Structures are given as structure tokens and as C-alpha cells.
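Participant: For the record, the sequence lines run as chains X, W, D and G. For the first sequence, the numbering used here begins at 815 and goes up steadily by one. For the second sequence, the numbering used here begins at 815 and goes up steadily by one. For the third sequence, the numbering used here begins at 815 and goes up steadily by one. For the fourth sequence, the numbering used here begins at 815 and goes up steadily by one.
Check before you lean on any hint, since a few could be wrong.
Same chains, same names: a pair is fine if it fits in one copy or spans any two.
[Said to hold, decoys possible] Derived DSBU-like pairs: lysine-lysine, alpha-carbon spacing no greater than 30 angstroms straight-line: (1) K830 x K876; (2) K823 x K898; (3) K817 x K876.
Just so you know, the hints here were simulated from the structure itself, not pulled from any lab data. These figures come from a predicted structure and were not determined experimentally.
Protein chains: 4
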Amino acid sequence: MPKQIEDKKKITLRVKKIQGQVQAIERALNDDTSCAAILQQICAVRGAINGLMNQVLEVHLKDTLVDGDSTELQRSEELIEISKILKSYLK
Amino acid sequence: MPKQIEDKKKITLRVKKIQGQVQAIERALNDDTSCAAILQQICAVRGAINGLMNQVLEVHLKDTLVDGDSTELQRSEELIEISKILKSYLK
Amino acid sequence: MPKQIEDKKKITLRVKKIQGQVQAIERALNDDTSCAAILQQICAVRGAINGLMNQVLEVHLKDTLVDGDSTELQRSEELIEISKILKSYLK
Amino acid sequence: MPKQIEDKKKITLRVKKIQGQVQAIERALNDDTSCAAILQQICAVRGAINGLMNQVLEVHLKDTLVDGDSTELQRSEELIEISKILKSYLK
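Excised from the complex, chain X in its bound form (with noise of 0.2 angstroms):
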């Protein structure tokens, strides 16, 4: 998890707002919405979730790479496991 307080409390937040987007969508199929304001709920959540991976990612990159003192070998080795996270972000 992030290490900072403050980044934490935006990606809770965040992730509290997506929350909120997909029981709309339940709401709406129940409501009967039409079948393209249904999908266009659903691109607007898979829109946040691409806003909240990169934000997880960039606290990520700060948090290993970035902050504090770190040889150049320690931050090859964070470097190793930001590459696997990277294959399955984007595949």
C-alpha cells in the first residue's frame, strides 16, 4: 500500500467513487435505462479504473524508486518487479 497517509486517503477516495459509479449501474438495470446509457455508465467506470490504476502505479514508482536514498542496485531490482506489473497492466 502507499506509504504516504495523503496518497492513500486519494486512491480510498478513488476507489470509494468507483464504488458508488457500479451500484449505479445495478440501479439502472433495474431501473430499465436504455441498453446504450448502460454501456456508456460502464465506459465512464472503466475510464476511473484506468485513473486509479495510474495513480497506484505512479504512488508505486515514487514510493520504490523515487523516495529516499537507494543505490542504483536496489532500484534494479524494484525495476524487475515494476516490469511484471507492466506485462499484465497493459497486454
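Take the given structure of chain X and dock chains W, D and G to it, following the hints.
Facilitator: Only chains W, D and G this time, still in chain X's reference frame:
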């Protein structure tokens, strides 16, 4: 919304599952799970959202272009709406 | 391939444009362009590929589900094939 | 562009491979290949573009955040640029 009750049930089930996955991300944040693990959870939600989108789109194609009697003109008008959806769907 | 010559021309034009964009990435690599600028070029190609995909999919829906006289059963069989495409389309 | 010649070679090879894949789509259009098969080829190009993007991003992280001696402040400034790239990367 989907015309067939069966389709609606399946889609609602997927939405509920995604709700559970998003709640699990919130719990993971509180449990100090590693960023790498949280990113994998977010990737999984994105996959589930894409799956939901495909299913709603497929049902929409069935309801508007396939099922029942329709003229070429009617289907042609439906396709204009579907094209708009596809454009925001993949960009 | 698209049934209408007009559709085929439009799609071929898009493909040629993408070829130009990919060649530009190769030149940028040779010209020592910054990684940030190259990543933006790659993003642009991805956007163009998504646009191409949407257009081919739309033409395919027109050719198989909209144009001409067809029975519900014929369209229903076409949808099975389209569903397979959609699944590999977004995953 | 990548600082290591080895990285540049690998990336150039990927770009050349994508060029071949895009040319194959043009040939498929001329050969009256089915739309379904063409859509699969387009999906494959998109996958290759995403793979290229990941590799360039990884090399960029290595060049800016990992390799050599750097201060926290320097890496922090690099991260601002990387964040901008990530935002246009996934949206």
C-alpha cells in the same frame, strides 16, 4: 436494458461481482497490502469491466439487430446509434 | 473484407496512414528523439488502431446484420461469430 | 531514445515487426480476407503496440529513475514527466 429477463439476470450478477471486487480493493488498502498486489486487483476489475461491456454490447446487438422481424431500414437506423457507442467504447 | 468498395477504400486509407505512423516511430528512434516523445507517438498509433478496429467492426455489423433481406435465424447465427470477435476485441 | 544501444536495437526490431503486421492487413484487404480474420489481425497489432509501449516505458524508467547516481530531487523531477506520460498512456 436487456429485453430478456435471463440476459438481465446474468448482467446484474456480473455487476454484483464487480462490486465485490471493488470492495476488496478498499479492504486491501486498509490491510496494508503491497502496491503490486493492489495493482493486480485493479487489473482484474478492469478485465471484469471489459467482460461486462462485451456482454451488454452483445445483448444490445441481439435486441436491436437480430431478434424479431425488422426491415433493412430499421436495422440501418439502429446501427447509427450502435456506431456512436462503439466510438466511445474504444478510443 | 468489406462488401462495399467505398468501405474498403476508407479502411485501406486508414491502414496506409497507420503504416506511415509506424515508420515515423522508426525514424524517431534513429533521430534520438526523447523517449517521452516516442511514447506519445506510440499512443497515437494505438488510438489509430482502435479507430481502425471500430470502423472494420461497424462495416462488419452492416454487412452481416443490417444490409439486405435476412431472417432472424440467419442474423442469430452471424451474432455467434460476432460475439467471438468481441471477446478477443476487449479482454 | 533509449540510452543503451542494446535497448534501442530491441525496440527497433519490435517496430519493424509491427510494420510487417500492418502491411499484412493491407494485403488481407486486397485478398478479400473475411472481416473476422482482418479484425483478428488488427487485435494482434494492438497487442504488439501495447507490448512496444511497455518496453519503451520500462527502458524509460530504467534510464531516468534507475541507472546511474541520482538524488531524490532529480528522480522526483523525472517522475513528474513520467506521470504525464502515464496519464496519456491509459485513459
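Participant: Starting from the hint list further up, note which numbers the structure goes against and sort them upward.
Facilitator: The structure breaks none of the hints.
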